[in-house]
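**Student:** Based on the sequences and whatever the hints tell you, model everything.
Chains as they are written, first to last, in this note's numbering: chain R, 1 to 292; chain S, 293 to 567.
One or more of the hints may lead you astray.
[What the hints assert, rightly or not] Derived EDC-like pairs: lysine to aspartate or glutamate, alpha-carbon spacing no greater than 16 Å straight-line:
#1 S/554 - S/543
#2 R/137 - R/115
#3 R/139 - R/189
#4 S/554 - R/216
#5 S/486 - R/276
Calculated from the structure, these hints are not laboratory results.
Residue strings, one per chain:
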Amino acid sequence: MMAFAARRETESRVAAPPVAGALLSVRDVHIRDRATNREIVHGISFELAPGQVVGIVGESGSGKTLTCRAVLGILPDQLVVSGGSIRLAGRDLAELSVKEWTELRGSTISAVFQDPASYLNPSIQVGPQIAEVIRVKKKVRRREARDRALELLRSVRLRHPESVYGQYTYELSGGMLQRVLIAAAIAADPQVLIADEATTSLDVTVQAEILDLLADLRERTGLAQVIVAHDLAVVAQVCDEVLVMRQGDVVEHGTTEEVLYRPQHEYTQLLIAEHEQYGLERFLDIPREERA
Amino acid sequence: MSARSVLEVEDLEVHYGLGRKRRRVLDGVSLSVSNGEAVGLIGETGSGKSTFARAVVGLVPFSRGRIVIDGQDISQAKARQWRDLRRRGVVQYVFQDPLRSLDPDLTVAQSIVEPLLIQGISSAEAEARARAFLGRVRLDPELLGRLPGELSGGQRQRVSVARALVTEPKLIMLDEPVSALDSSNRVQVLEILKGLREAGVGLVFISHDLGSVAGLTDRIAVLYQGELVEVGPTRSIINNPQHVYTRLLIDSAPTLRSAAAKRSDREQLRALLHT
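**Tutor:** Have a look at this one:
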C-alpha cells in the first residue's frame, strides 16, 4: 500500500511545478500523541505551488484535520510533529519562534473551518472584526482598515456589504458567515488558504457558492489552497491534485483525473462506488464531451 | 398505478406562529407514496421539508389539506386515533442525529423493544424480535446491552433504523438519514434501506443534498420556500430539470463528473432566482 502511494506521488510530481517553486512543502510528516505515545499520522507528503489547489479527503479520524493543524502550527498540546518537515515560503516551520509564527499566520497562511459562527465574536458586529485583523496585520489606520474590510466583503460576493458590515453573527446565514470568515482569512493577503470542511454544514446550493468563490479567488489572486472534505466529489470539483487519507495513512495520491478515473486503493474505489450507486451519477446521462 | 398508496397528501398547508407573526411554511403541497416506492423530498434549510415530514407523523398540526396513511384519513383524527396509529407503528420516523433521538439512558435492547412493549407484546417475545432486527441492520447482538453513547455514529443510526423497523411499518420518513455518517457507514445504512424498499416499505428521504440519496429514489419532489416546485421520476428531474431552483440544485450537487464547467451556468441561475 505504501509502495503504491509512493509510486503515485512520483508520477504526480512529474506534472507538478518544480519543487523549488513550492509555497508549501509537506514531506513525510508524522504526528504523534505524546500522552499515549501513539502515532496518528503515518507520513503525508505534498507540494503546493502558487495558484495550485490540493485536496485531502478522508473520514473523521483519518488525520486530515491534524495535518492542516500541523501546517498552521496549531496542533493540540499533546500532539507533535514527530517526523518529516513542513516548509512554508522557504522557511522550515519547526524552527519558527512563537512570534514568527504569529507573523506568518494571516499574512502568509490562513484558514477557514466548519461552523463559521464559532470563530466570530457574537457580541461585536462582523465588519469591525475584519477591520481589526487588517489594522493589526497591515498596520493601517482605522479608517483605512474599515474601507478595506468593506472592499473585502464585496470581493467575497456578499450582496449588501455595507449592511453586512454592521450586522451580528446571529443575523447572518451559514453561507454568509462563511463568506465573512473567508474575507477575514484573506484580509492580510495570504499566499495559502486552508479550507477544512468549510462547506460541510451548508446547503448544497450554498456549498457550491462557496466553492465557486474559492475558485474565483484562485483565478483573481493566485491564492493557493488546501481543501479538506469528506466528500470526494467536493474536492474533485476544485482541486488539481487529491490525497485520500485513511486511519493516518495516505492511501491514494495523484492528479484529480488519476484518482477519479484510475483509483488504485479499495477505499478510494468505495468512495467512487458510493457516488455511482447512490448519488446523482447513477442517473446522469453521460455528457457529450465524455462520450467519445 | 397498480401499487397501493401508503401515503397520500393533498393540498397541505401548515402555519407557524400566532397573530402578526403567523407565517405559512407549507403552501398547497400534494404528494403520494406507493408501497415499495422511495421518494426524495429535497429542499434547502427553511424550505419546509422537515415540517412536511413532521405533519405526516402528527408532530405538527396543519391548517388545510388531507393526509391519508395506509388508507386511513388522519386529517380529522382525534388524539385517540393518533395514539392508535402510532401504537400500531404504521409510520415511523428516523432522525438525522441518532444521539439525540435515542434515549441516552436506554440500552440498545430497551430502545428497540420499547415500541413493541407499547403494543402489548410480551417482553420475552419483544427481546427475541429485537435480536432478529439487530441482525437485519447488520449489528452484532453483543451490542444489545450498550448505551447509545457507547456506539459509533454508524452503529447508532442502524439502531434507530432497527427501532423504526420492529413495528413493521408501511412507511418510513427519513430525515437526513446518512448526512452525519462517514462513507463506509453511509453505504451500509443505504443498503439496509434499499432492502426495505424491495420488501415493499414506502420511504420518504428528506434531504438538502439530492446527491446523497438520489440513487435510492424512484421519484424526486423539490420543495422551495414552502411550495412543491417540481415532482417527477428521478432520472428526468436530474437530466431535465424545469424550475430554476431545481436547475440550480442539480448544477450545485457535487458529482464525480466534471462540474467546474458549470460555474457560469450557476451564476446565471442564481441571478435568475434572486430577481
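**Student:** State for each hint whether it applies.
**Tutor:** Evaluated hints:
1. S/554 - S/543: Distance ~7 Å between residue 554 of chain S and residue 543 of chain S Cα, so the pair holds.
2. R/137 - R/115: violated, 24 Å
3. R/139 - R/189: Holds, because 13 Å separates the two Cα atoms, which is no more than 16 Å.
4. S/554 - R/216: Roughly 13 Å between the alpha carbons, so the hint for residue 554 of chain S and residue 216 of chain R holds.
5. S/486 - R/276: The hint holds at about 15 Å.
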